[in-house]
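Student: Residue strings, one per chain:
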Amino acid sequence: MSLSTVEVVSTEAPAETPGVGGIEGRSPLRLVLARLRTDRVALASIGVLVLIVLLALGAPLISAITGHSPTVTNVDNGTDANGQPLPPGTGGFLLGTDNLGRDILVRIAYGARISLLVGVLATAIATVVGVVVGLFAGYFGGWLDSILARLMDVVLSFPYVLFAIVLVSVFGASLPLVILVIAFFSFAAIGRIVRGQALSQREKEYVEAAHSLGAGNLRIMFVDILPNLVAPVIVLATLLIPAAIIFEATLSFLGLGVGPPTASWGNMLSDAEGVGFQAWWFYIFPMLFLLATTLAFNLLGDAVRDALDPRTERIFAGRRKKKKPA
Amino acid sequence: MLDVVPSPAPAAGGEHLLRAEGIVKHFPIKEGIFFKHQVGSVKAVDGVSLEVRRGETLGLVGETGCGKSTLARCIMRLFPLTAGHLTFDGADLSTLSRSQMRPYRRGMQMIFQDPYGSLNSRRRVGSIIGDPLAIHNIAKGAERKKMVQGFMEVVGLNPEHYNRFPAEFSGGQRQRIGVARALALRPKLIVCDEPVSALDVSIQAQIINLLEDLQGEFGLTYLFIAHNLSVVQHVSDRVAVMYLGKIVEVAEVKDLYGTPRHPYTNALLSASVVADPDKARSRDRIILTGDVPSPINPPSGCRFHTRCPKAQAICSTEEPILKSGAGDSASHLAACHFPVADGEKIASGKATILHAVEGFLAEAPK
Amino acid sequence: MTRFLIRRVVMGLVTLWVIITLVFILYYARPGVDPGRELAGRAVTPALLAQINKEYGFDQPVIVQYWHYLERLAPIPGHFNLGTSNTNRLPVTTIIAQAVPIDLSLAAGAAVIWMILGISVGVLAARRPRSIWDRGATVFVLTGVSMPTFILGLLLLYALYYLLTIHGIAIFPKPGSWTPFTQNPLEWAHDLLLPWITLALITAATYSRLTRSSLLETLGEDYIRTARAKGLSERRVVYRHALRSSLTPIVTQFGIDLATVLGGAIITESIFGLPGLGLAVVQAIQVQNLPVVIGIVLVASFFVVAANIVVDALYAVLDPRVRLS
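Chains as they are written, first to last, in numbering that gives the first Met the number 0: chain A, 0 to 325; chain B, 0 to 365; chain C, 0 to 324.
For the record, the hints were derived by calculation from the structure and aren't laboratory data.
Please read these numbers as outputs of a predicted model, since none were measured by experiment.
Beta carbons are placed, not taken as given, at the ideal position from N, Cα and C, and that holds for glycine.
Some clues are possibly wrong.
Claimed, not checked - Some chain A residues flagged as far from chain B (calculated, every beta-carbon gap over 12 Å): (1) A55; (2) I64; (3) S68; (4) Q83; (5) F135; (6) F170; (7) G215.
What the hints assert, rightly or not - Computed list of lysine to aspartate or glutamate pairs in DMTMM-like fashion (alpha-carbon distance at most 25 Å, straight line): (8) B:K144 / A:E207; (9) B:K29 / A:D152; (10) A:K203 / B:E62; (11) B:K322 / B:E251.
Just need the whole structure built from these sequences, with the hints factored in.
Tutor: See the structure below:
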């Protein structure tokens, strides 16, 4: 799980043959969406993610329907005679219980909230900061670029798992801290790409043209250059989300993330480790949901990257033809 | 509809719209491990003075690397000037900062060479042309759109293509977009940096005709930069020739093409395309020896002396100044110690390899 | 080339210094926190506090403390002193020295596996794009990238250790076993097998993807087309010509990954109970055993920074274009 190896291909909007498609120009966004619609894997991933989001949103509902709380210890009803967790299907627990008698289904639903929240929010923060830092560094160059680029290099070369653990242990584990820590270690990945793009776009003639019109620096950065980097940034961000989710799960597993009694897929798994392998449901279900989520995001990210890459037009054209019989 | 754009302030500063005096632009070359220090400089423009009269088209020609594009950008104040004075419409623009320059940008605009690179491929055409209106707060919303569509029509584009992307247009159409963008602020001066060099020949003619029509309609003054001499001859009133960062000759177009005084101008003209094959065969080709010297280390004295067929001792020590020769009109200036007289043949002035080989072959036993 | 190296080394030193200073600030100089009191714990009396402050130098101004701190880290014999562990009074250097062989063993075995696996899958996928091999490789990559290390570790333990052992096939040892290489090589490998597989599978996924894209890009170059046009067999084209240039990013990535594992594969060691640097640092953090934490963080950072320098130099050697930047 190395952030620096997430690959991004430099992409440009696919060229459109003149005169085709009517008067309204088809924006890159519309083209991407059209292509994604033909990609079955992408659609499946989106479907899975929608389900998980619904699960997360509906967590209180699930808790109310089953009558089980995600955090309240429930040893009397929830464990067997030896204090061991109940297997799925017994006593109204659809997926079984954990070592403290809590309903695993309910906990997984609440865990989904944590994972999605951390994943999306940390990535969003990292993206905004990375884009701003990268834009300023790449566009202005000079000493500002030297400082910012060095800063990003330093952050990227930290042994970040170790450092994240250090930070979390020093300040105490809490949800906002976990989000900030993950965002901090991710922003450099985006910043580096954005900086590279800004550096190359800065030399283009349309930037010179904007200068000659009297445009100010901020306008050029955000109105002219930024649209040219939306594509690689979106791909990278989509691929950073699962990395962030994994990061959070790992931290929670080590006891340095979200703490008890809050449910997180990571700390559920660390509790499970303590119980032993007999209670397989305690392991397998959180694992499955975690893997489903990260897999779906990764597949979606790859699909978005393919959709943005003009070189794959042949594949999409083929698919479109298949859908419309002569 | 086009009158809605407020016309720029009435003329000040007299007959000359633009006056450049002693423009110098040096680019520093830096080296160093951590902190770079300057070790030399590229002397792209090294003391250029010229004037552009209102309403005229001044052509600027020269080889690649002579500094004409840099000069254009100096005039547009896209760089700070290393030295020199720049007066536009009576106002001194020499040392203004970027924000101070902004209001003056409405008076001068630029058309770029590359129809593909000079437009932001991620923005719609309407947004590109309307950009100057947005930057200078001239109009908003529907009013701006109407203005932009007006300009599109003027340059020969279909105003319904307002929402298209540049990729959906051909090269010639993209250049028209560039022209519309330059026009949007109703400037007085338009600097055209090789506007047709990247286009097919048939399209070149269309764009040139468009520029000429617009000049009449909008009262524009052009600084037209190119390396194609025939095109420059067609559009210009006066022409200036540049070599290695300096102007070597400037004259009315018929004087320059009829009686060029500077040896370099003669060489350029002798290499340009002539339609009549008989004439082409019979004329003398002046072939210059050597390569264009590096602008980092330009030759001493007259910069052209290393390649000049007429060079003599004084040429390597004393730099000639632009002055009009005896018998020429006052507007015909050349920077040469030994200007080419009428009818003078300089092709045989200095032996070149070609001549040596021809001579050798002529003497060989048949 | 030397200028390039000098720049990289200085950058590395700066990075190291930043990390060192950050650690210092985090642990000793955070506003509002009294390190002496933290160390003393709950049973703090004024006398104990004064004693601790004296012993650790907390009563001195921050700048002085910082200076002493830097002094102790300078690699000069006589000055270099990482202190002693709070829990067992062993010198930190000893603790580190005891843990390093485990990380070395872990890194060595896993590296061999992930390189062989990753590169061969990548080459296979690049040679037959869009075939079933390519799709299989994509699945492999996707799984590896989507799976947290600890989950794979748990899964492997569950499937290969627990399930098998219950049914009487006790191939794999229980977590926590560790035999030094010098004692019994076979046993050593046996104990490390599951950790190796865990670490290697996940890392191999990244290398597959890297190899595949790097090789595909090289195979698209004109000089490869020339080689094919000359009549060379595909095998020769791929292995003798294309692979060489596409290995550059792989080599550089390898350096960094190796250094990271050497500095402590925290998760793998935690799950399999291997007493390496990773497990040591996690345990130390949980009880606020500062000297050990700082010592290991510094060692790990040093490995990563050094690896970055070596890797950059290697890249410059392999790809001359880099030297000119």
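Student: With reference to the structure, classify each hint as holding or not holding.
Tutor: Verification of the hints:
no.: 1; hint: A55; verdict: holds, 35 Å
no.: 2; hint: I64; verdict: holds, 48 Å
no.: 3; hint: S68; verdict: holds, 51 Å
no.: 4; hint: Q83; verdict: holds, 60 Å
no.: 5; hint: F135; verdict: holds, 17 Å
no.: 6; hint: F170; verdict: holds, 35 Å
no.: 7; hint: G215; verdict: violated, 8 Å
no.: 8; hint: B:K144 / A:E207; verdict: holds, 24 Å
no.: 9; hint: B:K29 / A:D152; verdict: holds, 24 Å
no.: 10; hint: A:K203 / B:E62; verdict: holds, 22 Å
no.: 11; hint: B:K322 / B:E251; verdict: holds, 14 Å
Of the numbered hints given earlier, the model fails hint 7 alone.
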